[in-house]
Structure formats: structure tokens, C-alpha cells
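K.L.:
Turn these sequences into a full structure, and let the hints guide you.
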Amino acid sequence: DTGVSQDPRHKITKRGQNVTFRCDPISEHNRLYWYRQTLGQGPEFLTYFQNEAQLEKSRLLSDRFSAERPKGSFSTLEIQRTEQGDSAMYLCASSLPRTDRGLTFGAGSRLTVL
Amino acid sequence: GDSVTQMEGPVTLSEEAFLTINCTYTATGYPSLFWYVQYPGEGLQLLLKATKADDKGSNKGFEATYRKETTSFHLEKGSVQVSDSAVYFCALPLSYSGAGSYQLTFGKGTKLSVIP
Numbered sequence: 001d002t003g004v005s006q007d008p009r010h011k012i013t014k015r016g017q018n019v020t021f022r023c024d025p026i027s028e029h030n031r032l033y034w035y036r037q038t039l040g041q042g043p044e045f046l047t048y049f050q051n052e053a054q055l056e057k058s059r060l061l062s063d064r065f066s067a068e069r070p071k072g073s074f075s076t077l078e079i080q081r082t083e084q085g086d087s088a089m090y091l092c093a094s095s096l097p098r099t100d101r102g103l104t105f106g107a108g109s110r111l112t113v114l
Numbered sequence: 001g002d003s004v005t006q007m008e009g010p011v012t013l014s015e016e017a018f019l020t021i022n023c024t025y026t027a028t029g030y031p032s033l034f035w036y037v038q039y040p041g042e043g044l045q046l047l048l049k050a051t052k053a054d055d056k057g058s059n060k061g062f063e064a065t066y067r068k069e070t071t072s073f074h075l076e077k078g079s080v081q082v083s084d085s086a087v088y089f090c091a092l093p094l095s096y097s098g099a100g101s102y103q104l105t106f107g108k109g110t111k112l113s114v115i116p
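Going down the list, the protein sequences come from chains H and B.
Residue numbers for the first sequence follow my numbering, so the first one is 1 and each next one is one higher.
Residue numbers for the second sequence follow my numbering, so the first one is 1 and each next one is one higher.
Please keep in mind that the hints were generated in silico from the structure rather than gathered at the bench.
Please note that a few of the clues may not be correct.
Claimed, not checked - Here are the simulated DSBU-like cross-link-like pairs (lysine-lysine), alpha carbons at most 35 angstroms apart as the crow flies: (1) LYS111/B - LYS57/H; (2) LYS52/B - LYS68/B; (3) LYS108/B - LYS11/H; (4) LYS68/B - LYS108/B; (5) LYS57/H - LYS108/B; (6) LYS111/B - LYS11/H.
Since the structure is predicted, the reported quantities are computational estimates derived from the model, not experimental observations.
P.N.:
Right under this line is the structure:
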């Protein structure tokens with residue numbers, strides 16, 4: 001069990017550019033979640049997958065955001081035409097269904113949009 | 001909508017002091033309640049949970065009791081250590097999510113610093 005891995009850990013980009021984050025969950029976890037955390041706030045739910053199916057999307061996830069989990073393993077979160085308001089820590093988490101162990105979070109990918 | 005409210009931080013305590021971090025919630029029904037902890041440079045970790053009223057979650061010397069009368073889930077520890085320095089988040093599932101869901105809404109977090 002190597003935990004949840006996220007890449008890159010830091011990304012600095014200019015407004016209008018596209019960025020993509022990758023998450024590798026714990027291998028036996030079939031649920032994968034994306035959260036966003038801004039400075040001084042708690043994480044906000046964005047979306048979640050059960051296997052390869054995206055089952056829920058928050059209204060926070062605008063049309064510029066897209067998430068995929070093509071083979072039910074790793075996931076990507078892409079942000080198109082980034083805006084300064086997108087600057088945040090993007091957190092990935094995974095879990096088994098109906099587990100008492102809660103979510104296992106990765107260390108996050110920090111995005112800075114200049 | 002469903003939400004949690006945590007006491008404002010930061011909180012600074014001396015080692016072996018008593019800790020209370022207040023958390024109150026607004027929710028439909030009686031959802032599970034969680035405390036997560038984020039140590040510096042690490043991802044959030046589940047600290048403890050309670051699934052129904054009057055349940056007490058406990059872990060690593062921390063405790064929290066689910067009190068529906070006061071809609072509270074305060075985190076307590078009798079004697080804090082320097083290694084407890086972290087940010088603590090109270091959380092509950094979003095109301096529209098199903099049983100066993102981890103689509104969570106989090107409080108803003110309370111930063112705890114413990115000094116020797």
C-alpha cells in the first residue's frame with residue numbers, strides 16, 4: 001500500500017493555459033474523489049468516481065473542469081482556460097465502498113495561476 | 001444546506017494541556033460525523049468518526065461525542081503533545097449523498113500548535 005499519489009505537487013501557470021493533474025489511488029479502492037481546498041478553508045467536494053463511472057459532480061465543477069478515470073484506476077483532472085480563481089490545492093482521495101476507514105487523501109497538487 | 005462550523009483558530013497550547021475544538025453542524029437527519037487531521041506536508045487523515053447519536057469516536061487519545069441535542073461533535077484530548085500540532089477538520093456527508101458516502105462537507109479547519 002503506497003497510499004494515494006498525486007502529480008505534480010506544484011504547478012504554476014499563466015491565466016488561460018490548460019493544466020492536468022493526475023491521481024493514483026490505492027490499488028484496491030474502487031472509489032475516487034476530487035476535492036479543492038483554498039487557503040484558510042476546508043476541502044470542497046468536486047466529483048467522485050466508482051470504478052470508471054463518474055457518479056456525482058458538484059456545481060463547483062464548471063464546464064472548464066473535466067475529470068476522467070478511464071480504466072477505473074488512475075484519474076486525471078483537467079482545467080481548461082485557467083483563471084486566477086482556480087488557484088487552490090486539488091486533493092484526491094480514495095476509498096472502498098461502505099468502509100469504516102474513511103477517505104485516504106493524497107498530499108495534493110497546488111495550482112497557482114498568475 | 002448541510003454544513004459544519006468549527007471554532008476559529010489558531011489554537012496554541014502548552015504540552016499536556018487539555019484540548020477542545022468545537023464543532024457544530026446543520027444537517028438533515030442524523031448523518032455520520034467525522035474529524036480529519038492534516039499534519040504539515042501530509043494529506044488529510046481520518047482521525048475518528050461517529051455514526052449515530054450518542055456514539056463516541058476515539059483514536060490516539062482524541063475523543064468526540066455525537067450530541068444531537070446540541071448538534072455538536074466537539075473534539076477533545078486530555079493531554080496534548082507536540083506531535084499533535086496539525087490542522088483539524090470536522091466533516092459530514094452532503095445530504096444528497098447516499099449511505100456510506102464520503103462526499104463530505106468540511107469545516108474551515110482549526111490549526112493547533114503545541115509548544116513544549
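K.L.:
If a hint holds in the structure, say so; if it doesn't, say that too.
P.N.:
Hint-by-hint comparison with the structure:
Between LYS111/B and LYS57/H, the direct Cα distance comes to roughly 29 angstroms. Compliance with the 35 angstroms bound is thereby established for this hinted pair. Of the pairs offered as hints, the one joining LYS52/B and LYS68/B holds, with about 9 angstroms between alpha carbons and a cut-off of 35 angstroms not exceeded. Between LYS108/B and LYS11/H the alpha-carbon distance is near 24 angstroms, which keeps this suggested pair within the 35 angstroms criterion. The hinted pair formed by LYS68/B and LYS108/B meets the criterion: a straight-line CA distance of about 21 angstroms does not exceed 35 angstroms.
Distance check on the hinted pair: LYS57/H and LYS108/B sit about 21 angstroms apart at the alpha-carbon level, within 35 angstroms; holds. Restraint check: the Cα-Cα separation between LYS111/B and LYS11/H comes to about 25 angstroms, which is no more than 35 angstroms; the hinted pair holds.
Hint compliance for this structure: no hint is broken.
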